[in-house]
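J.: In order, the protein sequences belong to chains A and B. Using the working numbering, the first residue of the first sequence is number 1, and each one after it goes up by one. Using the working numbering, the first residue of the second sequence is number 402, and each one after it goes up by one.
FYI, nobody ran anything at the bench for these hints, they're computed from the structure. Glycine included, C-beta positions come from ideal geometry on N, C-alpha and C. Please note that the accuracy of each hint is not assured.
[As the list claims (entries may be wrong)] Residues from chain B that face chain A, not an exhaustive set, calculated with beta carbons under 8 Å: (1) Ile628; (2) Pro647; (3) Arg650; (4) Tyr654; (5) Arg661; (6) Met664; (7) Asn936; (8) Met940; (9) Arg1011.
[Unchecked claim] If you anchor each label on the Cβ, the simulated ranges turn out as follows: (10) B:Asp781 - A:Gly64: 54 to 64 Å; (11) A:Pro209 - B:Pro865: 51 to 61 Å; (12) B:Gln579 - A:Gly126: 27 to 37 Å; (13) A:Lys18 - B:Gln640: 13 to 23 Å; (14) A:Pro209 - B:Gln640: 50 to 60 Å; (15) B:Ser776 - A:Gly291: 52 to 62 Å; (16) A:Gly197 - B:Asp575: 13 to 23 Å.
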Amino acid sequence: MTEAYIYDAIRTPRGKKKNGSLHEITALQLATQQLEAVRDRNGLDTTLVDDVILGCVTPVGEEGANIARSAVINANYAESTAGFQINRFCASALEACNLGAAKVICGEADFVVAGGVEAMSRVPMGSDGGAMGVDPEIAFDHNIVPQGVSADLIATKYGFSRDDVDAYAVESQKRAAKAWKEGRFKNSVVPVKDQLGLTILDHDEHMRPGTDMQSLGGLNSAFQALSEFIGLDNVAIQKYPEVEYINFVHTGGNSSGIVDGASAVLIGSKEAGEKAGLKPRAKFRSMASIGSEPTIMLTGPIAVTEKALKKAGMEVGDIDLFELNEAFASVVLRHMQAFDIDPAIMNVNGGAIAMGHPLGATGAMILGTVLDELERTGKQTGLATLCVGGGMGTATIIERV
Amino acid sequence: MKHFTIDIDKDGIALVTFNSPDATMNVLSPEVLGEIGEVTKTIADNDAIKGAVITSGKDNSFCAGADLSGLGSIFGEAAKMSEDERSAALYKELFKINDIFRSLETCGKPVAAAINALALGGGLEITLACHYRIAASDNPKLKLGLPEAMVGVLPGGGGTQRLPRLIGAMNAFDLMMQGKMINADKALALGVIHETAPGAELVEKAKAWVKANPDAKQPWDQEKFRIPGGGPYHPKGAQTFMGVAPMIRKNTYGNYPAQRYIMSCVYEGLQVDIDAGLRIECRYFTKLMQRPESRNMIRSIFLSKQALDKAGARPAGQKKGPINKIAVIGAGFMGAGIAYVSAMAGIEVALVDVDIAGAEKGKAFAQKELAKRVSRKKMDQAKADAILARITPTTDYSVMKDVDLVVEAVFENRELKAKITKMAEEHMREDAVFGSNTSTLPISGLAEASKRPENFIGIHFFSPVHKMMLVELIVGDKTSDYAISRALDFVTKIKKTPIVVSDTRGFYANRCVMRYIEQGMALLSEGVLPALIENSARMAGMPVGPLSLQDEVAIDLGYKIIKQTEADLGPDAIEGPTAQILIAMVEKYDRKGRKNGKGFYDYSEDGKKRLWPGLSEFALNGVLPEDEQPTPAYLKERILYAQAIEAARCMAEGIVKDPREADVGSILGWGFAPYTGGVLSYIDTIGADAFVKRADELAKTSGPAYAVPDLLREMAKNGETFYGRFGKEKKAA
Chain A
1 MTEAYIYDAI RTPRGKKKNG SLHEITALQL ATQQLEAVRD RNGLDTTLVD DVILGCVTPV
61 GEEGANIARS AVINANYAES TAGFQINRFC ASALEACNLG AAKVICGEAD FVVAGGVEAM
121 SRVPMGSDGG AMGVDPEIAF DHNIVPQGVS ADLIATKYGF SRDDVDAYAV ESQKRAAKAW
181 KEGRFKNSVV PVKDQLGLTI LDHDEHMRPG TDMQSLGGLN SAFQALSEFI GLDNVAIQKY
241 PEVEYINFVH TGGNSSGIVD GASAVLIGSK EAGEKAGLKP RAKFRSMASI GSEPTIMLTG
301 PIAVTEKALK KAGMEVGDID LFELNEAFAS VVLRHMQAFD IDPAIMNVNG GAIAMGHPLG
361 ATGAMILGTV LDELERTGKQ TGLATLCVGG GMGTATIIER V
Chain B
402 MKHFTIDIDK DGIALVTFNS PDATMNVLSP EVLGEIGEVT KTIADNDAIK GAVITSGKDN
462 SFCAGADLSG LGSIFGEAAK MSEDERSAAL YKELFKINDI FRSLETCGKP VAAAINALAL
522 GGGLEITLAC HYRIAASDNP KLKLGLPEAM VGVLPGGGGT QRLPRLIGAM NAFDLMMQGK
582 MINADKALAL GVIHETAPGA ELVEKAKAWV KANPDAKQPW DQEKFRIPGG GPYHPKGAQT
642 FMGVAPMIRK NTYGNYPAQR YIMSCVYEGL QVDIDAGLRI ECRYFTKLMQ RPESRNMIRS
702 IFLSKQALDK AGARPAGQKK GPINKIAVIG AGFMGAGIAY VSAMAGIEVA LVDVDIAGAE
762 KGKAFAQKEL AKRVSRKKMD QAKADAILAR ITPTTDYSVM KDVDLVVEAV FENRELKAKI
822 TKMAEEHMRE DAVFGSNTST LPISGLAEAS KRPENFIGIH FFSPVHKMML VELIVGDKTS
882 DYAISRALDF VTKIKKTPIV VSDTRGFYAN RCVMRYIEQG MALLSEGVLP ALIENSARMA
942 GMPVGPLSLQ DEVAIDLGYK IIKQTEADLG PDAIEGPTAQ ILIAMVEKYD RKGRKNGKGF
1002 YDYSEDGKKR LWPGLSEFAL NGVLPEDEQP TPAYLKERIL YAQAIEAARC MAEGIVKDPR
1062 EADVGSILGW GFAPYTGGVL SYIDTIGADA FVKRADELAK TSGPAYAVPD LLREMAKNGE
1122 TFYGRFGKEK KAA
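Generate the whole structure from the sequences, applying the supplied hints.
T.: Now the structure itself:
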């Protein structure tokens, strides 16, 4: 069977939502510039690229009508390169990579560019509507609650206090700051250009390096007031009746930031790489997606990690580095608790709490991050995974070559 | 036509008057609906008619809603059909109302509703199918609403479609979900109606509107129609739907299909045109009518309660009589409450206590409650003053010479009660009845102090009196039918629901509710997580968890009863986890319940309560590990079966004789899962056979609480139901 390799992995810097630098840049431009960079950095003849797969969670407005295809045309890829957009919520871009790898493995494609785009300051989260929280058949009958309530349910059920989640957030900020300071992202972050072609953003602007326990401690719960007002906590408890009450620990400070950004990963077969004169950096060892209990919603990374490990014939101990998207601190804390993972190998360069989570783009970003870090530290095997809305999980295990 | 008259005036405006003969109120029956069809056809076809005004010939009701007793009849023929055939047949039958109302609003001529009085449910739905609604501003009893969900039904005459199209989904949910009824001013402010006017001018004004609007069309039949507040995928509208699902789940725990289906009717209906919306509504209505929850709730909460409220339990040969004056002895919390509700009902009350200060304090309670009503604009000051003036505090027993009834509400002390009985009877008329508000002492024993034991009865109020709707009448060995009848006169006059039960320890309600609390303790001792017990109980439909309930009634009260039982019957009589836990709570931990801020819960100053972490001590073999904790479904059975079995025992022993009283008593008395229709409807719905099988399994693992009486075994064998075997109700179809 053909194997799938990563030849390049890049991302934009992440622009913050409020007064952010990327607010005046279209989603199409974010995606286009990523496609251009993949092509230009690698001197890639795009006639070799069969398809472009972009994750996007809010595919309406400027992100609607298959933004991947628009970006392919706009980036002046070969006319023969196709393009499509997918939505697996927060794991969309990792799923795009997995799909791209699958296309290569099964022989459908030689090269695929996979990634994602989300301009959250421009196309607000939730503006695509959807039955999940609105139609009583799903929302009422299946006890669907907003993710923040699920995150607080995880903290309650698995015993993480406000201090625990805040301490995690402080560490995320510290690690991200250090990583930027040491230039660990410099090879992969492609600055975003404005309408004149001048750089408008070259760093993650959501970060707050000075964050400490005290500054975080002053923040109010992000979900308690609404939750108690309309009874969301009760809805969650009806699914988890062993819980007496929800301990609302998550705030804006220990949850992922709302940002703009895009990402792209060049995936291809060994032969395609040789033909293009490119050197593979890593190989896909296994990929998986799963469904999990939708009310607690965000525990999917556990099951999908198990599944991906099994498919790869590995054990937790075989993974040198983990990247688990920091949607909420409790998600990562629960994952480390479940597998007894050393915090020193989890999200070593910080994550979405510090740098932000552009929903449809993040998956490919953390895949790139784990690959960069494997190379920097000379380690071999990394696992990237994300919790997903509606109760799902997606994971990818890669191995350096 | 029997129910409607049509008078065409010189302008060609037809005045359609709804006035059902031989009925106190106008209600919507199949016959009435048929005539509305005829009326509609006349309006549409008669060229002399330019438009119409619909009003009522009754002062008390425009139309009080559908005749729910008739609803069962449509199931008659459907019983033998396959599920799909039945659904199709019911749908066809139930859609008739939509056909008629829809043709009314599309008849091509303007139609106005002159709402002179109460218009509820189907009654309001008729008016929603009119182009204009004007309601009387001077009828204080005029209420508008769609309260169907309260009895397990949904507004199936287009209400779920027209109301949100008129006033928006948010306001429509607000009215439909909790059966809220509003007055004319509120209805005008919300946009349910267009205008208000004094009753005398209603028809005239309605006619003027009809004359001025020959081309009237419903908003939803106009091209530019937009849903007020937006549909489910309008940015603002979506907020409503995202909010309503958790709010309703929080309140209903998913146990009430009416509320659930109303949500879908509105959600799905607002995304399509009105005709498709009406079809969607009718499909959910059809689904709902086939759910046991609807049938059981209609029966118990509406029909049976209504019958009992009209003294349906009155013994044969006894007649209704007036209650003009009573004496209440003992002006404590119970006595004060009884005096208050009696005065509210127009009864003169002598409130008697040992000293005048105590009696005055009892009256002050009424004063406080009345002041609340005035400040909430539920009553004017003059009326409140008149009510308060009916209560006369006194220490003088001679006031009892002209009372119809005495209610004794002193401490649960046999000697004290005996003394008071004698003192009262010295002055009471021969035909006056003495009622003792006891909750624990057998009535036959107390009646021994009476010189007229045939006129002695137990009148068991629940606390707080002004909020609890049930009253148990306890019949002692010598209590006469006359005394029962008089007590019924009293209880129905104060607008509470009476049930008649025989004399036994705990009577009926407390006996059953004890089984509920005991199961809470039993599960605790088995190592079930306290939060899981409490949450599962609420998920099963109980208003509060068993541990919480024990805290409310006070742990030391239970403790005292145990100690008394031990003293009376010896130490063997108090075996079991409940006794052990209650004794430890009081003796070892000084946890007496909410009253001292610590019980099964810790109560903080800000009103929050949290389960006491020390409860794990009561798990005899330790708290079960997480994967061995029982499911909520299992706990629901444990909790509901224990109560239902006790009720079945009460039926077997003849403590309660009428299943309607057992069911209504269970819902009103201790809040037994109302969606079930009550304790016996719960068993009937499961089926005696299946119920006994499951109870036998539970008895093996969980003790004698699940031992069914022989009666139930016999019923299982014969395939009987409680209503089939004991029912007095008029059989539907």
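J.: Of the numbered hints stated previously, which ones are contradicted by the structure, given in increasing order?
T.: Going through the list in order, the structure violates hints 1, 14, 16 and respects the others.
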